[in-house]
Amino acid sequence: MSTAFDMTAGQVTIDGRKILRGVDLTVDDGEVVAVLGANGSGKSTLVRSLLGVQPLSGGTTLLYGRPPARFREWWRIGYVPQRLSVGGGVPATVREVVASGRIARQRRGRLTSAADRQAVAAALNEVGLSDRAGDPVSSLSGGQQQRVLIARALAGEPDAFVLDEPTAGVDAGSQKMLAETLSGLVDRGKTVVLVAHELGPLEPLISRAVVLNQGCKVHDGAPPTAVGAHALPGHDHVHPHEPEPAESGLPSWVLAQEKA
Amino acid sequence: MTIFDLDFMRYALVAAVMVGLTAPAVGTFIVQRRLALLGDGIGHVALTGVALGFLTGTAPVATAVVVAALGAVAIEMVRARGKTSGDVALALLFYGGLAGGVMIIYLTPGESTASLNSYLFGAITSVDSTDLWVIAGLAVAVLALLAVFGRELFVLCQDEEVAKASGLPVRFLGLLIAVIASVTVVVAMRAVGLLLVSALMVVPVATSQQLTRSFRTTMALSMVFGVLATVGGLTSSFYLDVPSGATIVLLALAGFAVALGIGRFVRRSRTGESTA
Ligand SMILES: Nc1ncnc2c1ncn2[C@@H]1O[C@H](COP(=O)(O)OP(=O)(O)OP(=O)(O)O)[C@@H](O)[C@H]1O
Ligand SMILES: [Mg+2]
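Line order of the protein sequences matches chains W and Y.
Using the working numbering, the letters of the first sequence map in sequence onto residues 1 to 260.
Using the working numbering, the letters of the second sequence map in sequence onto residues 261 to 536.
Isolated chain W (complex conformation):
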């Protein structure tokens, strides 16, 4: 078994502020890892630096055994960034955006192949947007645009998916659809790193959870099943009768586990 992502003592400093403070994270092939944590805890920064999109200021990170600068097999990676909309100042159709997910598999100057078209059609079908393929992305709702971003990653047929809050702004039905898509990927042995605020229907798929707090990894292991998403850090429920878990900087379900 090989290792998809391997970060050792990863540090990110932006404008003198430490955003990531020495994170170790290894993701083996076929694992489904959830990255959890409050807003601003560094989840996006962590996955962006796993991919080399955000340079590290200390430590190392490897993609399939190579540092990002010397990694060549980018078709093995499918990245869904955290976005509010698909963006761009010129109209682009859903199909055009999804097809751009094939870029790492296409040779410069070559025409689009039948395999490209098939993969794009399959990805559109998977997220239920085949009937909107010819529409401009800007005419879709926020949740539908999120599905376009997921389809773009699917179209590349990668080995490892890095999804940054794919469920943000997505309704219950679409979340279930995403859960089905993910479980299909998991069955085929794909690697998944998933940033989420609440796991919801994705919970049963997760093999491991990593919790960040202020740029530090505070938990790495079993996903939070029993206590559920409500105990996650950043979930701003006020429970006056309970001791404030934030004081220790640890989410309450981690404390509960450690006490047990």
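Worth flagging that the hints you see were computed from the coordinates, not collected in a lab.
Quick caveat, the model's predicted, so the values are computed rather than measured.
Misleading hints may appear alongside valid ones.
Said to hold, decoys possible - If you only want the chain W side, here are some residues facing chain Y, beta carbon under 10 Å, derived:
1) Glu73
2) Gly78
3) Arg83
4) Val86
5) Ala92
6) Ile103
7) Gly109
8) Arg152
9) Gly156
10) Leu205
Said to hold, decoys possible - Here are the simulated distance ranges between beta carbons:
11) Y:Arg527 - W:Leu111: 26 to 34 Å
12) Y:Arg524 - W:Asn39: 36 to 44 Å
13) Y:Ala340 - W:Gln11: 18 to 26 Å
Stated by the list, open to error - Residues of chain Y clear of chain W, computed beta-carbon distances all greater than 12 Å:
14) Val274
15) Arg294
16) Ala425
Note that the Cβ used here is the ideal one computed from N, Cα and C, for glycine as well.
Could you slot chain Y with the ligands onto chain W? The hints should help.
Quick look at chain Y with the ligands alone, frame taken from chain W:
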């Protein structure tokens, strides 16, 4: 007598077609990248280049290409470092380029700001056969580069982070689009002048956006509109005896107004159909 009987008009028409094709093609990527005013920034910097040509006694077009390319690379580097947003970086170059050009031309013996006029506002009818070869060569190079790198540039201009995570050479592509844009600006300078250059990169794209849904058709249609504006503007300026650069740009803007109306009408009837 028609315009085709005059050598200088034949040259001007060929140049107009070249400019009409290339400026909107490049412009589509720039607008996609949300840097619609990049052409203006480069145009202002190119003015310093033109003035340097006068000062050093070299061809202003050559110095303009070099200085504009350096300016575009500077914009790209400031933007890529992320400390200054793209539009602020552009604004800084606007002022620097214009002030630099005026100052250098003042320091050049025997020249005054009047020498800059044909570069500021365009003088397409002054294109001779040598100019035409240069313009045609540059235009072909620009279109060829866009054809080869178009797919990658689309991803870059759509979402730079995704481009990085797809293993694309983002720094190279960012510089490529900046340099392509500056070459285009200098080519289009002859037609409409540096102050109006950006109009040909942005207005046809904005026009075609009113009518299209995909990136590909937006680009193709903007090139059609670009040629219509340059050739139509040049021809009518000849018969009406008015400045060609301004006519070209006003025609492009008129086209935009018409497309805006048609686009509204089409969209309304489309939604009407789907609800009916
Ligand atoms: N480009 C940047 N410039 C300055 N600060 C940044 C930048 N990117 C991230 N940060 C800071 O890094 C911290 C972590 O940000 P990050 O986006 O990784 O958080 P997150 O856990 O993904 O949050 P969310 O749940 O809101 O997506 C934040 O405090 C943010 O202010
Ligand atoms: Mg985030």
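These are the hints, each one checked on the structure:
At its closest, the beta carbon of Glu73 (chain W) sits 8 Å from a beta carbon of chain Y; the interface hint therefore holds under the 10 Å criterion. Checking Gly78 (chain W) against chain Y by beta carbon gives a least distance of about 9 Å; that is within 10 Å, so the hint holds. The beta carbon of Arg83 (chain W) comes within 8 Å of a beta carbon in chain Y, closer than 10 Å, and the hint placing it at the interface holds. Given the 10 Å rule on beta carbons, the hint for Val86 (chain W) holds: about 8 Å separates it from the nearest Cβ of chain Y.
About 4 Å separates the beta-carbon of Ala92 (chain W) from the nearest beta-carbon of chain Y, less than 10 Å, and the hint is met. A least Cβ separation of about 5 Å between Ile103 (chain W) and chain Y falls short of the 10 Å threshold, and the interface hint therefore holds. With a least beta-carbon distance of about 5 Å to chain Y, the hint placing Gly109 (chain W) at the interface is held under the 10 Å criterion. For Arg152 (chain W), the suggested interface contact is upheld, since its CB lies about 8 Å from the closest CB of chain Y, less than 10 Å.
Here the hint on Gly156 (chain W) is kept, as its CB sits about 8 Å from the closest CB of chain Y, short of 10 Å. Contact between Leu205 (chain W) and chain Y, as hinted, is not supported at the beta carbon level, the nearest pair being about 22 Å apart and thus beyond 10 Å. The hint said 26 to 34 Å for the Cβ distance between Arg527 (chain Y) and Leu111 (chain W), and at roughly 32 Å that hint holds. Taking the beta carbon of each, Arg524 (chain Y) and Asn39 (chain W) are about 40 Å apart, inside 36 to 44 Å as hinted.
A C-beta distance of roughly 22 Å is found between Ala340 (chain Y) and Gln11 (chain W), which places it inside the suggested range of 18 to 26 Å. Residue placement check: Val274 (chain Y) keeps its beta carbon more than 12 Å from all beta carbons of chain W (closest about 28 Å). At the 12 Å boundary, the C-beta of Arg294 (chain Y) falls inside the reach of chain W, the nearest C-beta of that chain being 5 Å off. In this structure Ala425 (chain Y) is not separated from chain W by more than 12 Å, as the shortest Cβ-Cβ distance comes to only about 4 Å.
Consistency with the previously given hints fails for numbers 10, 15, 16, ordered from lowest to highest.
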